Amino acid sequence: MKITDSFTRIRLIAGTTFLEAVRQKFFNSLLLISIALVGSSTFFQQFDFGAGELKFITDFGFGALFFFGSILSITATTQLFFNEMENRTALTMLAKPVYKLEFLAGKFLGAHLLLLCYTLVITLVLSGILYWREMALLERLGNELILNGSLIRYGDVFLFGFLQWMKFGILAAFTLFVASFSNTNLYTIVVSFFMLVICQLQYIARDAYAGMEAGWERILVLGLGLIFPNFQLFNIGDQLVFDVEKAPAVSTVLQITGYGTIYVVAFILLAQVNFRRREI
Amino acid sequence: MSTPAIRIQNLTKDFAVGMRGMKLRAVDDLCLEVGDNEIFGLLGPNGSGKSTTIKIILGLLEASTGTCEIYGRPSKLVDARRSVGFLPEAPYFYRYLTGRELVRYYARICMVPRVEIDAAVDSVIELVGMTEAADRRVGTYSKGMLQRIGLAQSLVHDPQLVILDEPTAGVDPLGSAAIAEIVRELKRRGKTILLSSHLLAQIEGLCDRVAILHRGKLVREGRVDDLVEEKDAESLVVQGLSAEGRAAVEAEIKAQGGQLARVEKPRLSLDAYFLKEVHEREIEHATQQEGGEEL
Numbered sequence: 010m011k012i013t014d015s016f017t018r019i020r021l022i023a024g025t026t027f028l029e030a031v032r033q034k035f036f037n038s039l040l041l042i043s044i045a046l047v048g049s050s051t052f053f054q055q056f057d058f059g060a061g062e063l064k065f066i067t068d069f070g071f072g073a074l075f076f077f078g079s080i081l082s083i084t085a086t087t088q089l090f091f092n093e094m095e096n097r098t099a100l101t102m103l104a105k106p107v108y109k110l111e112f113l114a115g116k117f118l119g120a121h122l123l124l125l126c127y128t129l130v131i132t133l134v135l136s137g138i139l140y141w142r143e144m145a146l147l148e149r150l151g152n153e154l155i156l157n158g159s160l161i162r163y164g165d166v167f168l169f170g171f172l173q174w175m176k177f178g179i180l181a182a183f184t185l186f187v188a189s190f191s192n193t194n195l196y197t198i199v200v201s202f203f204m205l206v207i208c209q210l211q212y213i214a215r216d217a218y219a220g221m222e223a224g225w226e227r228i229l230v231l232g233l234g235l236i237f238p239n240f241q242l243f244n245i246g247d248q249l250v251f252d253v254e255k256a257p258a259v260s261t262v263l264q265i266t267g268y269g270t271i272y273v274v275a276f277i278l279l280a281q282v283n284f285r286r287r288e289i
Numbered sequence: 008m009s010t011p012a013i014r015i016q017n018l019t020k021d022f023a024v025g026m027r028g029m030k031l032r033a034v035d036d037l038c039l040e041v042g043d044n045e046i047f048g049l050l051g052p053n054g055s056g057k058s059t060t061i062k063i064i065l066g067l068l069e070a071s072t073g074t075c076e077i078y079g080r081p082s083k084l085v086d087a088r089r090s091v092g093f094l095p096e097a098p099y100f101y102r103y104l105t106g107r108e109l110v111r112y113y114a115r116i117c118m119v120p121r122v123e124i125d126a127a128v129d130s131v132i133e134l135v136g137m138t139e140a141a142d143r144r145v146g147t148y149s150k151g152m153l154q155r156i157g158l159a160q161s162l163v164h165d166p167q168l169v170i171l172d173e174p175t176a177g178v179d180p181l182g183s184a185a186i187a188e189i190v191r192e193l194k195r196r197g198k199t200i201l202l203s204s205h206l207l208a209q210i211e212g213l214c215d216r217v218a219i220l221h222r223g224k225l226v227r228e229g230r231v232d233d234l235v236e237e238k239d240a241e242s243l244v245v246q247g248l249s250a251e252g253r254a255a256v257e258a259e260i261k262a263q264g265g266q267l268a269r270v271e272k273p274r275l276s277l278d279a280y281f282l283k284e285v286h287e288r289e290i291e292h293a294t295q296q297e298g299g300e301e302l
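Chains A and B, in that order, are what the protein sequence lines are. To convert, note that position 128 of the first sequence is 137 in my numbering; the numbers rise steadily by one, no gaps. To convert, note that position 134 of the second sequence is 141 in my numbering; the numbers rise steadily by one, no gaps.
Treat the hints as calculated values from the structure; they're not laboratory data. Please note: incorrect hints may appear among the correct ones.
As the list claims (entries may be wrong) - Sample of chain B residues at the chain A side, in silico, Cβ under 8 Å:
#1 Y78
#2 R80
#3 V85
#4 P95
#5 F100
#6 E139
Unchecked claim - In silico DSS-like pairs for lysine-lysine, Cα to Cα no more than 30 Å straight-line:
#7 K83(B) to K272(B)
#8 K272(B) to K224(B)
#9 K238(B) to K272(B)
#10 K34(A) to K150(B)
#11 K224(B) to K11(A)
#12 K283(B) to K194(B)
Predicted model only: the values in this text are computed from it and were never measured. Where a beta carbon is used, it is the ideal one built from N, C-alpha and C, also for glycine.
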């Protein structure tokens, strides 16, 4: 079989997965709630935080993006996978000359595309609100706050969005891996949320590792640190947006992207191992 | 001798049940051959192993032991599925696509060349009689229409072997008759059809050969006529015979050393009776419509 044929099939499966996903009420509801939450941060202008207001809006927006994006990554991927199983569209699909890996990759890409839409919309809304508040602040406080023509580096808002999207990708791939052997939606969602918490707190294990002496405990912690991706790597929001001095180098961003990609590929391949033996 | 469409040899499938390594045998040492250009019926009650066998043929499940080949190629190879079309039981499709978009989508998945897609899609939609409804969303289709569009997607890449899992389940007798006619047309076009069903009346008039499974084992296999005919009895269908004539026939049978086993009125099957009645009403209705238009 030609590799180009494989890519075509993956693209087709991803396309229908995405179309199926954007029609889900859950996605639309979550998107609206996220927009409303990010938008509501403007009401905090009455507290007159000065330049701190922009930082507050940014943190609030990034927090909403991460929180609802994580929920969406796990629930949408679970729903898209189990819908195919329960409705038996997977049966029709896999009875065609389609590899199971192509099916899984298509499902993942469809879900990741959905998350891209979500991330783009939220970062656009956040940027719009930040711009509006920045203009209002500059009008009120004058130009003494401006360092390099603007208080905010909007490119960094999107860079943060991109890194979060990479993180959502890992989460979606892991969810797909759990779904590949799980029999219920609930189990998949619960295990994936545990994984999210572990990955968010993974830096604790890394700190412990740094302070440990050589031995099996150190090897165990190192192993856990490798199995579970470190999500803190993607949370560089503090370094972005405001602080020109601490702006991350392109190579750092590329390294984080590569790190995320490795985990995505690894989880999809693990999902394939389970899915091969699964009764459809 | 041509390669059989399906060759199953000593096929066994066990499913692990529970945590203690208990096994449930779904298919037990099954041996089966389906010849090319044959309509073959896989019969059996629920849980007899029909669907498991079909899934193994389609490469969706791996056999515990034994082999399964499609036109001489191991069925677990993805490439072997290029020559197979499959309609699952009670199919569900993406509801937001139109019938035409759905068939087109599966044509692209099966890598039908771009220049041939439109013709292939139109051709199968016409074959299953869905031309008028092809541009409606799948979500608006009735069960019978879903089965027909499902048949269209299974045929769009022109497979040599078509596998239909309970193709008439939940479909009304008219829809079932239409599907049966499509199956016959496929045979005329040189295709091989494997269908599983427990609606035996429909299978009887359709299949060349059948296999009966029970608890995963092959119970009987052969031509439908060979399996169901009473080898030691013949029936004479007589019309307009008087009581005296009948007594004379009975006496003659006795004189010839035979024995009249039973006398019964020839019957139409309920299925055939229903179709005849509906067909007559349809013709009546069409005539009335035409009359109304003329007025």
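Cross-check of the supplied hints:
Violation of the interface hint for Y78(B) is found here, the shortest Cβ-Cβ separation to chain A being roughly 14 Å, above the 8 Å cut-off. Look at R80(B): its Cβ only gets to about 12 Å from chain A, farther than 8 Å, so that hint breaks. Interface restraint check for V85(B): the shortest CB-CB distance to chain A comes to about 5 Å, inside 8 Å, so the restraint holds. For P95(B), the shortest C-beta to C-beta distance to chain A is roughly 5 Å, which falls under 8 Å, so the interface hint holds.
The interface hint given for F100(B) is met, as the beta carbon of that residue sits about 7 Å from the closest beta carbon of chain A, less than 8 Å. For E139(B), the interface hint is violated, since its Cβ never comes within 8 Å of a Cβ in chain A; the closest pair sits about 23 Å apart. At most 30 Å may separate the alpha-carbon atoms for a hinted pair to count; K83(B) and K272(B) exceed this at roughly 51 Å. Taking the CA atoms of K272(B) and K224(B), the gap is near 37 Å; set against the 30 Å cutoff, the hint is violated.
For a cut-off of 30 Å, the pair hint linking K238(B) to K272(B) stands: about 20 Å separates their Cα positions. Note on K34(A) and K150(B): the hinted pairing holds, with a Cα-Cα distance of about 25 Å set against a maximum of 30 Å. A C-alpha spacing of about 40 Å is found between K224(B) and K11(A), which places the hinted pair above 30 Å, so the restraint is violated. Between K283(B) and K194(B) the alpha-carbon distance is near 24 Å, which keeps this suggested pair within the 30 Å criterion.
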